[in-house]
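Student: Take a look at the letters that make up each chain.
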Amino acid sequence: GESVGLHLPTLSVQEGDNSIINCAYSNSASDYFIWYKQESGKGPQFIIDIRSNMDKRQGQRVTVLLNKTVKHLSLQIAATQPGDSAVYFCAENGEGFQKLVFGTGTRLLVSP
Amino acid sequence: GAGVSQTPSNKVTEKGKYVELRCDPISGHTALYWYRQSLGQGPEFLIYFQGTGAADDSGLPNDRFFAVRPEGSVSTLKIQRTERGDSAVYLCASSALAAVTGELFFGEGSRLTVL
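If you read the sequences in order, they're chains Y and R.
Heads up, the final residue of the first sequence is numbered 349 in the numbering used here, and it's a clean run with no missing numbers.
Heads up, the final residue of the second sequence is numbered 119 in the numbering used here, and it's a clean run with no missing numbers.
The reader is advised that the hints may include incorrect statements.
With a cut-off of at most 25 Å between alpha-carbon atoms, the simulated PhoX-like pairs for lysine-lysine come out as follows [stated by the list, open to error]:
#1 R:Lys82 - Y:Lys279
#2 R:Lys15 - Y:Lys279
#3 Y:Lys336 - Y:Lys308
#4 Y:Lys336 - R:Lys19
#5 Y:Lys279 - Y:Lys336
#6 R:Lys82 - R:Lys15
No lab work stands behind these hints, which were simulated from the structure alone.
Since we're looking at a predicted model, the values are computed, not measured.
Please put together the full structure from these sequences, using the hints given.
Tutor: In structure tokens:
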């Protein structure tokens, strides 16, 4: 079936560095993508989304880039802080908004 | 409450037993979702309610799983004859606008362990 995957299972960075988390998707029908952050013992928390008619969207300290040609999605976090340590999931709506398909996740570890 | 509330937070049961997991969504949210998350994996869709009706239950793995939302607010996920493979965190989410954005508000989940 269609799936969303991540290239790096764990990313370790120093506080203050910029972080880039990558995601590959395979469902060409997907036109909406979301990044979620999940801290230990908690549910996923919405970070930022992007529609397929855009290739870049910025939020507070976060930027999502979408490359539809190669079906690639990335999340950039500027000036990474220890509080950013969590697992990050990308998700797509290939089968409908109510039926998001989540990737496996990337663990971000931020060292002070 | 302010967020999505799920009870119990932890449930340990024996194989073959029946379990119920409860979700209390954010007040006023008409859409409610159940996802299941296995260790080290992303959440996997189970079922979606719009109001009282299950609009999409295609993610339920088999007929041992059933969910209800009789009054369009609280939902209960029911699992019959539990199996060890059912062990996971069951996440509930709600949203105010269905099928518009992916901004789902998740609860902290109910961790189910089947011995």
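Student: Now tell me, hint by hint, if it's right for this structure.
Tutor: Here is how each hint holds up against the structure:
Only pairs whose Cα atoms come within 25 Å are accepted, and R:Lys82 paired with Y:Lys279 is accepted, the gap being roughly 22 Å. A hinted pair counts as satisfied when its Cα atoms are at most 25 Å apart, and R:Lys15 with Y:Lys279 qualifies at roughly 16 Å. Annotation: proposed proximity of Y:Lys336 to Y:Lys308 holds, straight-line Cα distance about 19 Å (limit 25 Å). Between the alpha carbons of Y:Lys336 and R:Lys19 the distance comes to roughly 29 Å, so the proposed pair goes past 25 Å and is violated.
Restraint check for Y:Lys279 and Y:Lys336: satisfied, since their Cα atoms lie roughly 20 Å apart, inside the 25 Å limit. Between R:Lys82 and R:Lys15 the alpha-carbon distance is near 13 Å, which keeps this suggested pair within the 25 Å criterion.
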